[in-house]
Every structure is written in C-alpha cells, then in structure tokens.
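Undergrad: Spelled out, the chains give:
Protein chains: 2
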Amino acid sequence: MPQPSQQLNTAEDIERQFYEALNRGDLERLMDCWTQDEDPVCIPPGGDLITGATDIRRLFEALFANAKVSMKVTQTHRIEHDAHVIQTVLEAVDVATDDGPAIAEVIAVNVYAITSRGWRLQLHHASPGVMKPKMPSPQLSPSATIH
Amino acid sequence: MPQPSQQLNTAEDIERQFYEALNRGDLERLMDCWTQDEDPVCIPPGGDLITGATDIRRLFEALFANAKVSMKVTQTHRIEHDAHVIQTVLEAVDVATDDGPAIAEVIAVNVYAITSRGWRLQLHHASPGVMKPKMPSPQLSPSATIH
Numbered sequence: 101m102p103q104p105s106q107q108l109n110t111a112e113d114i115e116r117q118f119y120e121a122l123n124r125g126d127l128e129r130l131m132d133c134w135t136q137d138e139d140p141v142c143i144p145p146g147g148d149l150i151t152g153a154t155d156i157r158r159l160f161e162a163l164f165a166n167a168k169v170s171m172k173v174t175q176t177h178r179i180e181h182d183a184h185v186i187q188t189v190l191e192a193v194d195v196a197t198d199d200g201p202a203i204a205e206v207i208a209v210n211v212y213a214i215t216s217r218g219w220r221l222q223l224h225h226a227s228p229g230v231m232k233p234k235m236p237s238p239q240l241s242p243s244a245t246i247h
Numbered sequence: 101m102p103q104p105s106q107q108l109n110t111a112e113d114i115e116r117q118f119y120e121a122l123n124r125g126d127l128e129r130l131m132d133c134w135t136q137d138e139d140p141v142c143i144p145p146g147g148d149l150i151t152g153a154t155d156i157r158r159l160f161e162a163l164f165a166n167a168k169v170s171m172k173v174t175q176t177h178r179i180e181h182d183a184h185v186i187q188t189v190l191e192a193v194d195v196a197t198d199d200g201p202a203i204a205e206v207i208a209v210n211v212y213a214i215t216s217r218g219w220r221l222q223l224h225h226a227s228p229g230v231m232k233p234k235m236p237s238p239q240l241s242p243s244a245t246i247h
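Chains as they are written, first to last, in my numbering: chain A, 101 to 247; chain B, 101 to 247.
Everything labelled a hint here was simulated from the structure, so no lab data went into it.
This one's a predicted model, so the numbers in the text were calculated from it and none came from an experiment.
Watch out, some of these pointers could steer you wrong.
Identical chains share a label here; the pair holds if one copy fits it or two copies do between them.
[Stated by the list, open to error] Result set (DMTMM-like, lysine to aspartate or glutamate): computed pairs, CA atoms no more than 25 Å apart in a straight line:
hint: 1; residue 1: Lys232; residue 2: Glu138
hint: 2; residue 1: Lys232; residue 2: Glu120
hint: 3; residue 1: Lys234; residue 2: Asp148
hint: 4; residue 1: Lys172; residue 2: Asp148
hint: 5; residue 1: Lys172; residue 2: Asp126
hint: 6; residue 1: Lys172; residue 2: Asp137
hint: 7; residue 1: Lys234; residue 2: Asp155
hint: 8; residue 1: Lys172; residue 2: Asp113
With the hints as constraints, model all of the structure from the sequences given.
TA: Structure below.
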C-alpha cells in the first residue's frame, strides 16, 4: 500500500519518491509526485513534449507494461529558490543491447515547485546520453579499497 | 553595438534576445541573457551538463566559430510563477546532411528567473529530436490556400 506522501516537504523527498516509483513500476506513487495545480510537463528521452497528468500517466503505464525499469540516479547540479528547485541528475539506466547489457546515461532536469500539496514535480526533461558497456561487478577482496 | 538590456523585464524578452543572438552569432548578446546571480546551466543536444558562465561562453564561442546557426523557434508550453517562468520551445534547426538540407527538430526547456538584473536565463536544456527533410518553398498561385 502506498505510503502517505502529504507530509513530504522537500524537493529531494519527491525526487527520491519519483525514482523509487520508476524502479518499482509503481504508477500511483509515480503519479503522486507530479503537481496537480497546473499541467505538469514531461519530455522523455528522444520523445515529444507531453503535458498534463492524463497523458503522462499513459506514458508511464505503457513504459511499465513493456519494461522493468532499473536505474541509478546521481544528482549533478541543484538550483534552489524559495518556490522552485531545479535538480539536474544523471540517470544510469540498465539496458539490453545486441552486444550484451549496457548502461544508457541519460541527463535529466527536474523542476520542483511549491504546490497546494507541498513540493511537487512540475517538469521532467530527460535527454538521451551516452551508451556504455556494463562492466561486471568487481570481485572485492577484504582489503580492496573503493575510490 | 549591443542594445542595453537592463530594461528588459519579461522572460519573453530574454528568450527573444537569446534566439536572436544565436541566429546572429552574437556572443555578447547571448551571454547577457544568462543569470549572473548563480551558476547558469546549459545542456546542449546530445551533450553533457555545462555549468557556469565561463564554460557556457566557451561552448557557444566554439559553436559560432564552426557553424552559422539558423533556426526557427516556436513556443509550445509555458508555466509562469512569480519568480520563475518555464518555457518549452520547439527549435527547427537548419542542418546540412548527405541527402541535402534538413530540419532537425530540437525540444528545449528554458527556465527564467528574476535576478538582480531582471529576468534572466537560468537553465537551457535542449534534447535531440526528429530529423526531417527540408521541403522546398511552395510555389504559390494567387488562389493557393495555406492550411
């Protein structure tokens, strides 16, 4: 059962919820991240502009029906104002290619705004980045140091 | 000589200045569009995250040294708040391909914020879109109707 999100009060909370929901394929938790005060905006990698909760829901519904999303997200830049926060992230998305598993690096800009329900996602713009072969996990010895 | 821009007081003015400067290759007018209050952010099509006026200047300096930019811009969506405006635009960029002239459609998100110098560009994120062959200009007869 989804956790209540009314108490979430930072853009970071919503960003965490957004990417957790993406990785879990949890459509309701994902849709709860978006603003309801006005039309939210979503531009998926290589895709067209999508506006409004109904069309955004349709996009992610189709995505979850067709694929299991698996990505690691790193915040790369942040701009903070009283009523909006812009967070730029690097999404390292697991993908299958003819040459085996790979990582598609996607750059995304997420704009959050204060809404009547607290901080919510107003815009998500993800652009296709670099494709890299997935390196096997290192076999760590007890003395190994991770840099 | 660049026109003084201190009196510009809308995000639309800055957006117009930004794209005019791009089409004219006018680096000073282009750089005047960006916020100086904090690090501006630029993500060019297929490129990496660039932050800070110095690196953004270097990017456009290299662009202008290598190409004459020619694009038509159409605003597709707008979100307005007291202190920030998000404008989504379709950039129809003239490009040369092996098959002749073409139009590269780029989707861009521009975030403007109120700064100490009035409205300025805080973030520009352009993602590669669709490539379309450039249609020859229609030969219009006096009775032709354009839909």
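Undergrad: For every hint, state whether the structure bears it out.
TA: Consistency of the hints with the structure:
no. : hint            : result
1   : Lys232 / Glu138 : neither (37 Å within a copy, 32 Å between copies)
2   : Lys232 / Glu120 : within (23 Å within a copy, 37 Å between copies)
3   : Lys234 / Asp148 : between (28 Å within a copy, 20 Å between copies)
4   : Lys172 / Asp148 : both (24 Å within a copy, 17 Å between copies)
5   : Lys172 / Asp126 : within (16 Å within a copy, 39 Å between copies)
6   : Lys172 / Asp137 : neither (29 Å within a copy, 31 Å between copies)
7   : Lys234 / Asp155 : neither (33 Å within a copy, 30 Å between copies)
8   : Lys172 / Asp113 : within (16 Å within a copy, 38 Å between copies)
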